[in-house]
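Novice: Hints given; two lone chains; assemble the complex.
Protein sequence lines correspond, in order, to chains A and B.
Letter by letter, the first sequence follows residues 1 to 214 in this note's numbering.
Letter by letter, the second sequence follows residues 1001 to 1682 in this note's numbering.
Any given hint could be a false lead.
What the hints assert, rightly or not - Simulated restraints, written as ranges between beta carbons of each label pair:
1. A:187 x B:1106: 54 to 60 Å
2. B:1401 x A:150: 34 to 40 Å
3. B:1665 x A:186: 31 to 37 Å
4. A:148 x B:1382: 15 to 21 Å
5. B:1414 x A:37: 40 to 46 Å
6. A:143 x B:1141: 23 to 29 Å
7. B:1382 x A:147: 47 to 53 Å
8. B:1115 x A:27: 45 to 51 Å
9. B:1121 x A:65: 55 to 61 Å
10. A:187 x B:1115: 52 to 58 Å
11. B:1106 x A:190: 51 to 57 Å
Think of the hints as simulated: they come from the structure by calculation, not from any bench.
Every residue gets a Cβ at the ideal spot worked out from N, C-alpha and C, and that includes glycine.
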Amino acid sequence: MELERIDTKRAYDLIRERITTLELEPGAVINEQALAETLDMSLVPVREALKLLAHENLVVVTPRHGLYVSDVNMPDLEQLSELRLSLEGLSARLAAQRATEDDIAVLEALRQEQTSTPAEDSRRLFDVDRKFHQAIAQAAHNKYLAESLERLFGLSQRLWYLALPRLGFLPSAVEKHLDLVEAIKNKDSDRAEQIMRQHVQEFYDQVRHILVAE
Amino acid sequence: MNDKAQPNLVLGIDTGGTYTDGVLLEYETRRVLAAYKSLTTKRDFAIGIENVIEGIHIEDPSAIRMVSISTTLATNAIAEGGESSVHGRRVALLLIGYDPDLISKFKMAERFATPNYFFFDGGHDLYGREKRPLDLPGILAKVNQIKDRVEAIAVSAYFSPLNPEHEQRAYRAISGVCDLPVVLGHQLSTKLGSVERATTAALNASLLAVLQDFVIAVRRAMERRQIDAPLMVVRGDGTLMSDEFAARSPVETIHSGPAASAIGGRFLSRLDDNLVLDVGGTTTDIALIEDGQVTVSEEGATVGEYKTSVKAANLLSIALGGDSHITWGPEKEAVIGPERVTPLAYLAHEHPRVGRQLKALSMRTWSQATPDWLEYWFLLRKPQRGQLKSQRERDLVEFLRDGPHPLPEILKHLGVLHVGQVGAGELLRQEVIGKSGLTPTDLMHIEGRYEVWDTQASAYAWQAFCQYQFRDPGELRRQVWTRMSEKIVHAVLVFLSGKSLDLAGRERSLAGQDRDAGRWFFYNSLYDAHPHLETSIRLRLPIIGIGAPAGILLLAVAKALHTDLILPEHYEVANAVGAVAGSVMVEEELLIYPKVSRAGLEVLGYYVTVPSAEPTARHERHEFEELSEALAYARRLGRERALGAALRSGADNPEVTVEELTDGLDTYRIRAKAIGNPRLTR
Chain A
1 MELERIDTKR AYDLIRERIT TLELEPGAVI NEQALAETLD MSLVPVREAL KLLAHENLVV
61 VTPRHGLYVS DVNMPDLEQL SELRLSLEGL SARLAAQRAT EDDIAVLEAL RQEQTSTPAE
121 DSRRLFDVDR KFHQAIAQAA HNKYLAESLE RLFGLSQRLW YLALPRLGFL PSAVEKHLDL
181 VEAIKNKDSD RAEQIMRQHV QEFYDQVRHI LVAE
Chain B
1001 MNDKAQPNLV LGIDTGGTYT DGVLLEYETR RVLAAYKSLT TKRDFAIGIE NVIEGIHIED
1061 PSAIRMVSIS TTLATNAIAE GGESSVHGRR VALLLIGYDP DLISKFKMAE RFATPNYFFF
1121 DGGHDLYGRE KRPLDLPGIL AKVNQIKDRV EAIAVSAYFS PLNPEHEQRA YRAISGVCDL
1181 PVVLGHQLST KLGSVERATT AALNASLLAV LQDFVIAVRR AMERRQIDAP LMVVRGDGTL
1241 MSDEFAARSP VETIHSGPAA SAIGGRFLSR LDDNLVLDVG GTTTDIALIE DGQVTVSEEG
1301 ATVGEYKTSV KAANLLSIAL GGDSHITWGP EKEAVIGPER VTPLAYLAHE HPRVGRQLKA
1361 LSMRTWSQAT PDWLEYWFLL RKPQRGQLKS QRERDLVEFL RDGPHPLPEI LKHLGVLHVG
1421 QVGAGELLRQ EVIGKSGLTP TDLMHIEGRY EVWDTQASAY AWQAFCQYQF RDPGELRRQV
1481 WTRMSEKIVH AVLVFLSGKS LDLAGRERSL AGQDRDAGRW FFYNSLYDAH PHLETSIRLR
1541 LPIIGIGAPA GILLLAVAKA LHTDLILPEH YEVANAVGAV AGSVMVEEEL LIYPKVSRAG
1601 LEVLGYYVTV PSAEPTARHE RHEFEELSEA LAYARRLGRE RALGAALRSG ADNPEVTVEE
1661 LTDGLDTYRI RAKAIGNPRL TR
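So here's chain B without its partners, still in its complex pose (with noise of 0.2 Å):
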């Protein structure tokens, strides 16, 4: 047991899009006694948590006891695949009992997140009875024919949550002629979506590798640091699970780094109901606390294109961040993001030549420096062997070996006229190469607010930037600013209301010129430019700010909403307190419908049906004449299920709540929920 004069320390790591973030905390006292910044490897997330554990500073290894870590691995890899596949594994969907001229009719494969998927007999209905007898023979054959050009294969039979029996026989034959991971859909999801659950499985098997490589990897650097504690992982809602739990089901992680940040702020400032806007270097996220909780969106998280049944934070993120990129629009105006790129400062920080060549720049006239001087590429690190495919790769990065080098050089250099021309967009997405210009950050340098790296060269860049439009440089930041503030009173706006809100033309607007009066509304109340009519958006809750950038940007935006703006303490690392400030929880839910007659007019009594935690075991399925039978049956097992699992997954003496909640069509559904904190003895 703990002993108690020595205090409970807890390390908090969060992977955001720019940063990876690590605090040391004293959990009772929510003392922070000391936090690391390191940039994120998007290539493979562990090496900058591996920074981290190594670069922190701890007096005492053995004194932590526990790791928690939010991570945006999922929804990175999900994000990143592209059109028709996810960045993970590739992986064999198949479908038991879908209607596949239904699927095309609706355009639904889209929606699958692979495309390899495949049609089978089978399948339940509306009352867990089986609609066709499932063909395992066609499934048999077809997982002979493609397992070994997948790495994974997901099943989801039509309305498995009722009758899982056909999922289970999939698993069990599937298990018998391959090695592969089988994910089935019924353990991801009680809910009745068929395409959102096979959605699920299909993300869920193809993140399978992904996550297990990060929680072994996350393990070496703990043990290497000797750190011998619990490691937990976020969940999309902000709530902890176990990293075993967290390496079978790992699309629970998506959301996972905003929920974190959420949580945060709440931790920090113990304020029950707020605002969260967090300002990262890629994004600001925000998200809603009521009642000391995230709020959540129920029907199930989006990510990229894909909907899922994944239950996960209701939050609203948009591309503007500390590090977008500020670059002239065709309007003559100043335009930020929504690309990411590394700050001049930092560049020049960790290249002197090119805060040489900046202040050469800022002395020519504007013709000759025009803004894509601005623009640096630079090699992040050394290729691996064969990654170089094309002869132009190949002599770009040879020209960046001696270091970065502006744009126009660039192209001069392999003897191209446009960027497109030059066809990096592979290195740049594997981070081979790395793009720096303009940021917002820069303009925190210039401004003295945030001065870690080199000053000057943000200065000069700076200057540049305006001259080139004969505009006055310390008019122009403020005005960068307002822009940024007033896209994040729109995504507050829009996030709360539910409602869409298009912003184009400015001006336009507010001279009178344009006909909508939403947008009127919304310019009118931000830049008071009615003579008679004031106007005004009101927030009711206060602010809380999160990530370098916010106390910077969301003072206007709190003076803009009429609210207060609360900076915690640690503000600037809120995201990864909020990594170990959760609950864990652990959610059980189980189905009670009626059992009819074969023509479906009488109903005969009532199931009960208790999803394994095994794929191998058999289902459950009870029986019972009386419906009252059934629910009492079903919110004592629930309880009993979810205590369990609470206490395995590491919570401290949990509390269980147990809610009954219908689908209609005399289809219920318990859902049990047992929270405590984490266990943080050894």
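Only chain A is shown next, with the shape it has when bound in the complex (with noise of 0.2 Å):
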């Protein structure tokens, strides 16, 4: 996303790792002057980032009751799970048919950084695992796909969050990526789309499996 003011953009950033990490929890209430001042920026700033949060869906505006990070709940995560796994196949499908070979550089070099991850670095295996889904949206070519998904994703990101205690990197996840470089290189689409699914049915299941037990 490009915004125009620099303030705004970091602004923006910082909120919602805030929200996306849990650390603003979920339904939690915004005071916009409080977070200023922990941000130790001005307000008009950290203003227009909480409209485009709101915009995201990450935080609600009521007209009574001010700011609040918005709700985790099953349902959402229902809802959430059924168009994303879609949407992600369609990706992946796109990226299969469309991908030139400098996407298919940057999904190997992700793949790499991936192997070459330890296990127990949890935090940093999700950054890479987001930023191979991104790959393959933009080697999908979609721009308005690569929106949505992105959208979609850091919703998702405040489950996986929810869930991070008790769940470990999906070591499947790994074998999925490569089998997936595989199919994009190979242009075989159904493949590509049939893994992709899995790869993000598995971690829902996962999610609503340890959230459901809670």
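Specialist: Below is the structure:
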């Protein structure tokens, strides 16, 4: 996203990070003034950033009760997973049809980084996984698709952080990525879509399992 | 729109080496309504600026239509970085299609401004044709390896201004694997010098975060004072750019301080041709104004030891100012500078004990009042946790906690014999401790020309200083002023003639013992020593003096150069006036070069390359059969782009001029320049 003002961009990045990592808990009330002070920023960019985040459904604005961090719940998880599943599948399918040599170089580089990252570094692995999904969306060469997926990913991220204490990074994901890169290289769009759907499905299954058990 | 009855107020701020100056100006009438001075905080320039914004008298903040700042931030970060890196952030420089053997053979790597540079296959040739395929996997593997150790990445490909394809492909791929900011060479310069472009890209990358923090801090300060107006930043050539633009192209702020001074001098004096001399606390800067414009050095600004491709004011800066340290040299001669210290008058004003000590010192016999007693060290601020690395640093800071101490006491307390053994370099650089000593500012206090601090302390110190060499205080003071103006005349001569002149041995030269004619001519013109030959240096332009010491120092300079000295009203804050007086300028350059057949023998047509503002966008390269068509297209597009960009940057009704230049080899450059006054409405 290209934002006009750099301070808005910084405030947006900082607040989004706090929300997605649950440092600002779901349902928590947001005090603009206090938030601006913690971030050491002025009020205007913080307000602008919160508007953008409200637009992404990470922040809820109510006329009477002010601002709060949007909640996460099971129905959300179901709705998110259903939509992401089909869009990620589409993304992988298009990538297999359209990926350029440069796109594949990026996917390869990410896969290698994933292989060399130790399994206990789950935050990093999650970050690489995210970039991997973004790279596939890039390779699909449809910017609206990439934008939609980015938003859905931002919402899903909080589920992952909720489940994190009892969720290891899925060991099968590394293999999945390898297979997926192969399928995209071979322009096998059916297989690419199938692997991707399975990969995303597994993620939600596991998160659901953990959250329901709680 | 503006209410006609209400004047347009603008706030100009200049961060110099010693002081941060602010002025509140009525834009149309050029009337200075208020001025404010605060000490520059080098560790964080924003603090000094916040002080100015908070301290300056503003009756109605809502009437302010623009805030503009000139900053030495970039210049400082580069100059203080030391030998092999920039004091900004750590940067990796990826060079595509550069020849490593050539770079090492001509020792060009030292000029890259970062020790982390890497070579990759790729790049284009003189006709924009792919020289070698781009090694993207190699680049990505390297990025993976280094991304945790650097804070930004710069990419420069061979002949990228002609064909930026490889830089753009690298950008897209790198952005896919890491979140670091990536700077591309072709977006900063259309010049073909590949080493300068790489240096510029690396410097820009290292300064990105520094300037972003700066802009955010200034905006925060503005908001606290309820100033809601556009923020502009002065470029190295004195024109203005929006803060957003500055945050993306921090290298363009190189030399912005001196450029602002020159603009301010012209603005206040309303003279279109002159030489501007800005005497600050740390340096004296010289710039030339011709036809109302600051002259610009086309080949690119040099900062510290780095040659860049950034266009900036043509200027000369010498380490001589009101706060230059006056010491005894080896030849028993008073030496002024290059080090900058806090004047004793100020230190004694802040710490009365220093005044009493100096009085006692002036009454001691000369052998007990050595000049090192005139150097004081003091605590500027509390060190942060973990900042004190050695026991000696801790002892020093502890000792200075109760106030400033003269150097011999410090050495004695620490049990060392020589100042070099104290190891305080790092603490001085980080502005945890400061140095104070005799300065021209103290002499100005003694002479009653500038009396804001403790005049008595300055007088006692000067007495002790003169006694040490049995010199008459009045005569020695005059000599200090003479030496200073001599240095400035010399700098003017070097600056305007473009020649160098080594100044060693004045007395020998005047006595006829030196055979060098240039030196003799210089000294004879200043001191009129020869019985029969009269020589003189005459400056055809008037001198405009800027900065508080200018009134005293420059009269002698103007006399020696047989010209007039003009001190416009408010000359002591003209630098800050200059920060708001510049025009908003945007320049767009398009390159036109031939499309040649593979064998390179036949011209098949002409390309026009259009640099993209967004690195993610695919670059545009349009093809034409005829040169005239290509040029006409480039002119039209250049005009459009410059106009659009100037409006976005806050120019009011910009005027566009289009110029055609040729690089030889059938390559052309269309330069469209849009210039306008800053738009003052909100």
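Novice: If a hint holds in the structure, say so; if it doesn't, say that too.
Specialist: Do the hints match the structure? See the list:
Distance hint for residue 187 of chain A and residue 1106 of chain B: a CB-CB separation of about 47 Å, inconsistent with the stated range 54 to 60 Å. Restraint check, residue 1401 of chain B to residue 150 of chain A: a C-beta distance of roughly 54 Å breaks the suggested window 34 to 40 Å. Checking the proposed 31 to 37 Å range against residue 1665 of chain B and residue 186 of chain A shows it is violated: the Cβ atoms sit about 46 Å from each other. Between residue 148 of chain A and residue 1382 of chain B the CB atoms are about 51 Å apart, so this pair departs from the stated range of 15 to 21 Å.
For the pair residue 1414 of chain B and residue 37 of chain A, the beta carbons lie near 42 Å from each other, so the given range of 40 to 46 Å is met. Evaluation of the 23 to 29 Å hint for residue 143 of chain A and residue 1141 of chain B yields a pass: the beta carbon distance comes to about 28 Å. A hinted range of 47 to 53 Å holds for the C-beta pair residue 1382 of chain B and residue 147 of chain A, which are about 48 Å apart. Judged by the Cβ atoms, the range 45 to 51 Å given for residue 1115 of chain B and residue 27 of chain A holds: they are separated by roughly 49 Å.
The supplied range of 55 to 61 Å is met by residue 1121 of chain B and residue 65 of chain A, whose beta-carbon atoms lie about 60 Å from each other. For the pair residue 187 of chain A and residue 1115 of chain B, the beta carbons lie near 43 Å from each other, so the given range of 52 to 58 Å is not met. Between residue 1106 of chain B and residue 190 of chain A the Cβ separation comes to about 56 Å, which falls inside the hinted range of 51 to 57 Å.
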